[in-house]
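Taken in order, the sequence shown gives residues 89 to 268; the numbers are from this note's numbering.
These are calculated hints, taken from the structure and not from any lab test. A hint or two may mislead.
[Claimed, not checked] Quick list of the computed label-pair ranges, beta carbon to beta carbon:
1. Leu187 to Val104: 33 to 41 Å
2. Tyr198 to Ala118: 39 to 47 Å
3. Leu221 to Phe196: 21 to 29 Å
4. Gly114 to Leu187: 23 to 31 Å
5. Leu131 to Ile267: 16 to 24 Å
6. Leu125 to Pro163: 20 to 28 Å
7. Glu207 to Lys162: 40 to 48 Å
8. Ala177 to Thr121: 28 to 36 Å
9. Ser154 to Leu195: 35 to 43 Å
10. Thr115 to Ile267: 17 to 25 Å
11. Glu139 to Asn164: 29 to 37 Å
12. Pro135 to Asn164: 37 to 45 Å
13. Phe201 to Pro163: 33 to 41 Å
14. Leu195 to Ile266: 18 to 26 Å
Note that the structure is a prediction, hence the values are computed from the model and not measured. Note that CB positions come from ideal geometry on N, CA and C, so glycine has one too.
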Amino acid sequence: MKIFDSIFKEVLSSQVVSLLGGLIAGTLIAVYTDKLLLIPGILILLPGFLEMRGNISGSFSSRLSSGLFLGIIKPNKTTIKLLKGNLIASFLLALVVSLVLGFLAFLFNYFVFDVLMYEIISLALIAGIIANLIEIPITLFATFYVFKKGHDPNNIMIPFLTTIGDIVSVVSLLIGVIII
89 MKIFDSIFKE VLSSQVVSLL GGLIAGTLIA VYTDKLLLIP GILILLPGFL EMRGNISGSF
149 SSRLSSGLFL GIIKPNKTTI KLLKGNLIAS FLLALVVSLV LGFLAFLFNY FVFDVLMYEI
209 ISLALIAGII ANLIEIPITL FATFYVFKKG HDPNNIMIPF LTTIGDIVSV VSLLIGVIII
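Starting from the given sequences, assemble the full structure and let the hints guide the process.
Here is the structure:
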């Protein structure tokens, strides 16, 4: 009798990666706190922005996994109409949510701190675009890679993408701060 089956090993390894990635993202935030705190409301924007990346990429990966298991999507062909629709939907959803998060941070700044700062909306949108351009291709190719290797992407990809999303989101926000 095996104590640890393959599913347990897949989940455990993905959770270890998630833990290490969370430490990296937290370290980045700690190192660049002085830059981030220059923008009023950034700490209002940050939690929602970090959560958004993992959720959107995770659901995209789950949809890909379902299509792969059902045989609707082939791992060698990326020109399927269904795949393109999911890519576009994930990108647009992330843009809309970034815009809403930026607008909510703007409103919070205005009504709570009495600070009128439109740049927070631009920051959220720019960081969302940068994060999408990095995260969505990673999601697509990593899901295909894990599936081709014979693993269940549903067990591995969600913690992995949440971790990558946290790191990419922090870096994207920092790039957005530099741009703005």
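Now for the hints, and whether the structure bears them out:
1. Leu187 to Val104: 33 to 41 Å: About 35 Å separates the Cβ atoms of leucine 187 and valine 104, which means 33 to 41 Å holds.
2. Tyr198 to Ala118: 39 to 47 Å: violated (28 Å)
3. Leu221 to Phe196: 21 to 29 Å: holds (27 Å)
4. Gly114 to Leu187: 23 to 31 Å: holds (26 Å)
5. Leu131 to Ile267: 16 to 24 Å: holds (19 Å)
6. Leu125 to Pro163: 20 to 28 Å: violated (44 Å)
7. Glu207 to Lys162: 40 to 48 Å: Since the Cβ atoms of glutamate 207 and lysine 162 sit about 44 Å apart, the hinted range of 40 to 48 Å holds.
8. Ala177 to Thr121: 28 to 36 Å: holds (35 Å)
9. Ser154 to Leu195: 35 to 43 Å: holds (37 Å)
10. Thr115 to Ile267: 17 to 25 Å: holds (22 Å)
11. Glu139 to Asn164: 29 to 37 Å: holds (33 Å)
12. Pro135 to Asn164: 37 to 45 Å: holds (38 Å)
13. Phe201 to Pro163: 33 to 41 Å: violated (49 Å)
14. Leu195 to Ile266: 18 to 26 Å: Holds - the Cβ-Cβ distance for leucine 195 and isoleucine 266, about 25 Å, lies within 18 to 26 Å.
Hints 2, 6 and 13 from the earlier list are contradicted by this structure; the remaining hints agree with it.
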